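Q: Line by line, the protein sequences are chains U and H. Residue 2 is where the first sequence starts when you use this note's numbering, and the numbers rise one by one after that. Residue 41 is where the second sequence starts when you use this note's numbering, and the numbers rise one by one after that.
One should not assume that every hint holds.
Stated by the list, open to error - Partner residues are not named here, just some residues of chain U that face chain H (Cβ under 8 Å, in silico): (1) Gly17; (2) Leu19; (3) Asp23; (4) Arg26; (5) Arg64; (6) Phe71; (7) Ala107; (8) Ile109; (9) Arg115; (10) Phe116; (11) Ala138; (12) Val141; (13) Lys147; (14) Thr221.
Just so you know, the hints here were simulated from the structure itself, not pulled from any lab data. Please read all numbers here as calculations on a predicted model, not as lab measurements. Idealized CB from N, CA, C, for every residue including glycine.
The chain contents come next:
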Amino acid sequence: MSDTGRPRIGVVTFPGSLDDRDALRAVRFMGGEGVALWHVDHDLRGVDAVILPGGFSYGDYLRCGAIARFAPIMDEVRGFAEAGGAVVGICNGFQILCEAGLLPGALIRNRQLRFVCRWVDVRVETSVSPLSAGLVAGEVLRVPVKHGEGQFVASAADLDRIERDGLVVFRYCSPDGAIGEPHTPNGASNAIAGLCNDAGNVVGLMPHPEHAVDPDVGATGGQPMFASLLSSALAHVSA
Amino acid sequence: MSASEPLHRQLGLTDDELETIRSTLGRDPNRDELAMYGVMWSEHCSYKSSKVHLRNLPTEGPSVLVGPGQDAGAVDVGDGTAVVFKLESHSHPSAVEPYQGAATGVGGIVRDVISMGARPIALLDPLRFGPLADERNRWLFEGVVAGIGGYGNCIGVPTVGGEVQFADAHTANPTINVMCVGVAPADRLVTADREVHEGSLLVLFGAATGRDGIGGVSVLASSTLGEGAEERRPSVQIGDPFAGKLLIEASLDLVDRDLLEGLQDLGGAGITCAVSESASRAGLGAELDLDAVPLREPDLEAFEILTSESQERMLAIAHPERLGEVRAVCERWGLATAVIGRLVPGGGIRVRFAADTVADVPARSLADDGPVYTRPMAPPADVEDAIGDDPTFATVTTPPDEAFLAVLGSPNVASKRWVWEQYDSIVQGGTVLSPGADAALVRIEGTLKALALSTDGKGRFGALDPYLGAAHAVAEAARNVACTGATPLAITNCLNFGNPERPEVMWQFAQSVRGIADACRAFETPVTGGNVSFYNESGSSAIWPTPVIGMLGLIEDYRLAVRSGFTGNGSWIYLLGETFAELGGSEFAEVVLGSVGGRPPALDLERELRLHRLLIVASRSDLLESAHDCAEGGIAIALAESAIAGGSGFAATLPGDQPGHVGMFSESASRAVVSVAPERATELEDAAAEAGVPFARLGETGGPGVVFDGLFETTVAEIAAVYEDAIPKLLAG
Numbered sequence: 002m003s004d005t006g007r008p009r010i011g012v013v014t015f016p017g018s019l020d021d022r023d024a025l026r027a028v029r030f031m032g033g034e035g036v037a038l039w040h041v042d043h044d045l046r047g048v049d050a051v052i053l054p055g056g057f058s059y060g061d062y063l064r065c066g067a068i069a070r071f072a073p074i075m076d077e078v079r080g081f082a083e084a085g086g087a088v089v090g091i092c093n094g095f096q097i098l099c100e101a102g103l104l105p106g107a108l109i110r111n112r113q114l115r116f117v118c119r120w121v122d123v124r125v126e127t128s129v130s131p132l133s134a135g136l137v138a139g140e141v142l143r144v145p146v147k148h149g150e151g152q153f154v155a156s157a158a159d160l161d162r163i164e165r166d167g168l169v170v171f172r173y174c175s176p177d178g179a180i181g182e183p184h185t186p187n188g189a190s191n192a193i194a195g196l197c198n199d200a201g202n203v204v205g206l207m208p209h210p211e212h213a214v215d216p217d218v219g220a221t222g223g224q225p226m227f228a229s230l231l232s233s234a235l236a237h238v239s240a
Numbered sequence: 041m042s043a044s045e046p047l048h049r050q051l052g053l054t055d056d057e058l059e060t061i062r063s064t065l066g067r068d069p070n071r072d073e074l075a076m077y078g079v080m081w082s083e084h085c086s087y088k089s090s091k092v093h094l095r096n097l098p099t100e101g102p103s104v105l106v107g108p109g110q111d112a113g114a115v116d117v118g119d120g121t122a123v124v125f126k127l128e129s130h131s132h133p134s135a136v137e138p139y140q141g142a143a144t145g146v147g148g149i150v151r152d153v154i155s156m157g158a159r160p161i162a163l164l165d166p167l168r169f170g171p172l173a174d175e176r177n178r179w180l181f182e183g184v185v186a187g188i189g190g191y192g193n194c195i196g197v198p199t200v201g202g203e204v205q206f207a208d209a210h211t212a213n214p215t216i217n218v219m220c221v222g223v224a225p226a227d228r229l230v231t232a233d234r235e236v237h238e239g240s241l242l243v244l245f246g247a248a249t250g251r252d253g254i255g256g257v258s259v260l261a262s263s264t265l266g267e268g269a270e271e272r273r274p275s276v277q278i279g280d281p282f283a284g285k286l287l288i289e290a291s292l293d294l295v296d297r298d299l300l301e302g303l304q305d306l307g308g309a310g311i312t313c314a315v316s317e318s319a320s321r322a323g324l325g326a327e328l329d330l331d332a333v334p335l336r337e338p339d340l341e342a343f344e345i346l347t348s349e350s351q352e353r354m355l356a357i358a359h360p361e362r363l364g365e366v367r368a369v370c371e372r373w374g375l376a377t378a379v380i381g382r383l384v385p386g387g388g389i390r391v392r393f394a395a396d397t398v399a400d401v402p403a404r405s406l407a408d409d410g411p412v413y414t415r416p417m418a419p420p421a422d423v424e425d426a427i428g429d430d431p432t433f434a435t436v437t438t439p440p441d442e443a444f445l446a447v448l449g450s451p452n453v454a455s456k457r458w459v460w461e462q463y464d465s466i467v468q469g470g471t472v473l474s475p476g477a478d479a480a481l482v483r484i485e486g487t488l489k490a491l492a493l494s495t496d497g498k499g500r501f502g503a504l505d506p507y508l509g510a511a512h513a514v515a516e517a518a519r520n521v522a523c524t525g526a527t528p529l530a531i532t533n534c535l536n537f538g539n540p541e542r543p544e545v546m547w548q549f550a551q552s553v554r555g556i557a558d559a560c561r562a563f564e565t566p567v568t569g570g571n572v573s574f575y576n577e578s579g580s581s582a583i584w585p586t587p588v589i590g591m592l593g594l595i596e597d598y599r600l601a602v603r604s605g606f607t608g609n610g611s612w613i614y615l616l617g618e619t620f621a622e623l624g625g626s627e628f629a630e631v632v633l634g635s636v637g638g639r640p641p642a643l644d645l646e647r648e649l650r651l652h653r654l655l656i657v658a659s660r661s662d663l664l665e666s667a668h669d670c671a672e673g674g675i676a677i678a679l680a681e682s683a684i685a686g687g688s689g690f691a692a693t694l695p696g697d698q699p700g701h702v703g704m705f706s707e708s709a710s711r712a713v714v715s716v717a718p719e720r721a722t723e724l725e726d727a728a729a730e731a732g733v734p735f736a737r738l739g740e741t742g743g744p745g746v747v748f749d750g751l752f753e754t755t756v757a758e759i760a761a762v763y764e765d766a767i768p769k770l771l772a773g
């Protein structure tokens, strides 16, 4: 925690990260202190939570996130996660967390085989995660997606376990919370937009909450997610 | 072109041009020197056919910081912020290989902006294709859109607007333009005014040099595509957006740390262009060591290294004492650097390769003293026939509701959602109004200001009257910007034409430039730069004369921006401006009557300007609920689009006593459809009267119905389905 009492949220910049500045801006907008982290450093600079931002790390010419998982800073992120620290992967960050084995499943090419940028609705499925701690299951939030490889898939056994253990954090839905194929922008299994690990401290999602905090540029479904993250980060400090 | 031709002709140089080179050098040029002249004196690089006309454009204004002649123009938007912007064509490469052609177009224009020291904050893509009924056109369309997304999405610059149009004239030659907008602190712009010193180093950084794009500017961009276009694929460059993103960050880091005397992108004509322009600008020469250029493959020849258009390379000019820091910055971003030469007194470019001097030519002669042609001009023989056949006076039997749905579902009018959902329009967090709006709005971080951006071209109008078509393009771009409440400030342009060696094309070009000049003078929106793309023809098929305008506007407080969608029930709808019987060159005429003929609508520039002023004043006093430009498809389509965008129906009566189809679909200029809360209607009427803008109340918003009084009625849901499904249906084949 910073001297000012504000939670310090680290945002990792890999070469090819694109939404890193946006995540830092969203952290500041919501009252936290944004801390820029650099991919080759073995140092998390004492942050209270870590965001792996959107983008195309290392160009993503191989599988998305497949190279970033080997970045030096990922050793620190893994250690931080294993110690119970809040780690959030947004879009490319979600892909990296799956590649790193910190989250189950994988993100593959969108079912329609095209990049998609659009505002969508997601339904909160659990309040167990750093992004949903302050939220109630069933709540619907409006956030944008923008990705070419956002179709969440997992083996039948994994998918079963994910559902049974309540690891799904967000599902794509209609504005009134109904789940269905027309509301899922990428064909994700079970309309999964975001999920967490067993411990509930590592969460990944395809939508971009950092682009949904400032009412001047759109809807604000990302505000409650960031508010949750900031309070989760504070809880980590006091724990 | 055949192998038996003399070398200079194979390289695109005429016999006269060869003579000029001989007399400049006082000897015969060697092979490598000819290759350098071939690319630098190409139409693409030298503007040899267009220069005499471009001189007539207004280029000065109080806010212009950098006018034409540098990598991109720059405008002062206050608070010490400069906006850098430029529009460019990548039509020829895209016609041969749509994905890479379009992708590298994005990469190229982005490097133009970063070479001015500005951070790219927005991209817009005006695109023109042949009809989607044709399978090859669908392949081009899908490939170009994917290529723009593939590059733009990967470098973190939002694509916020553009346009997509379809016409037979673009079947053989799609017109692919791309605009990039950047911002920089005005005192940190990297302009030609920077002091450059003898002995300063030429530092190449970024990707290695390969064989891709050898002679792209002379082979592809400066001749017509005919038989064997596929064989020219090696002349298309391959993009690496990841390297492009690293170049952006490294370049801006170098500029932020004030390490550079100059920064030049390597695009058309590669190293030859970057070095000769840098040296010529500084009044110096350069020693160039090709052995120092990092190569992607080992056995490149000198002329290939000199003219390769390999992407993602930049040239920095730095004092030797700064070299260590320059290298450190590039290394941080994982980019290779190589000192490939230095600036020397004397003005000659001396090129060494494998221990030999392979070329020694004056920088100025390459970069600035290229040929200038005053080519013959003549109006096309058939233009009077086309104008004479005016659809305004045709007998129309199609019922108005059928005609309305046909125009609404025509690909030129219909929703382009299929296109812009493939572009990341929100990265960087500044996009206030995104694709689909009249103009995109992108805010300037840390202020309440936003840039308003619109690109417009008027294909049919230009085909019928190139002067009017060009002036209309400027007027519509300014009107789109004004509809959001922003003030038009300046333009960039991309002038897309056929073969300038044909007098008809040259006449169209001259007329178009005159139209742009007149409109820009009237609106006080100077031209800060642009690009000319000639030779857009194949065999007997040339594109329509298509000047595309990229308009930059500024709104002081983006919270007052006006959107195009109807906002609620019971607002009053007004038409600002006046409708005349003008169906010449209209969407209705082409879709319903099958006619591209008649005289395009008249354009009174003063009347147009009065409308812009009214829209801006109304925005400042937060008077309007919505405002939407009235253009393709006339009032009927403007009303429909506002209804679809806002999800609100309306009931409207068309003003005047014209036949129904004329009132609905006339494309008279200088009009906008606006809505206002009833209690403020008088205020709007007073403001319009004071501004000298005619107005008429059309009706009211609200409910699910779309009602054209006395003609027909339907629902928002029904018209939205027609509007949204048109292009996906065509693509399904």
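Q: Now tell me, hint by hint, if it's right for this structure.
A: Here is how each hint holds up against the structure:
1. Gly17: holds (5 Å)
2. Leu19: holds (3 Å)
3. Asp23: holds (5 Å)
4. Arg26: Because about 6 Å separates Arg26 (chain U) from the closest Cβ in chain H, which is inside the 8 Å limit, the hint holds.
5. Arg64: Where the cut-off is 8 Å and the nearest Cβ of chain H is about 14 Å from Arg64 (chain U), the hint is violated.
6. Phe71: Since chain H brings no Cβ nearer than about 14 Å to Phe71 (chain U), farther than 8 Å, the hint is violated.
7. Ala107: violated (20 Å)
8. Ile109: At about 17 Å, which exceeds the 8 Å cut-off, the nearest Cβ of chain H leaves the hint on Ile109 (chain U) violated.
9. Arg115: Arg115 (chain U) check passes; min Cβ-Cβ to chain H is 5 Å, inside 8 Å.
10. Phe116: holds (5 Å)
11. Ala138: violated (28 Å)
12. Val141: violated (18 Å)
13. Lys147: holds (5 Å)
14. Thr221: At about 13 Å, which exceeds the 8 Å cut-off, the nearest Cβ of chain H leaves the hint on Thr221 (chain U) violated.
The earlier numbered hints that this structure contradicts are 5, 6, 7, 8, 11, 12, 14.
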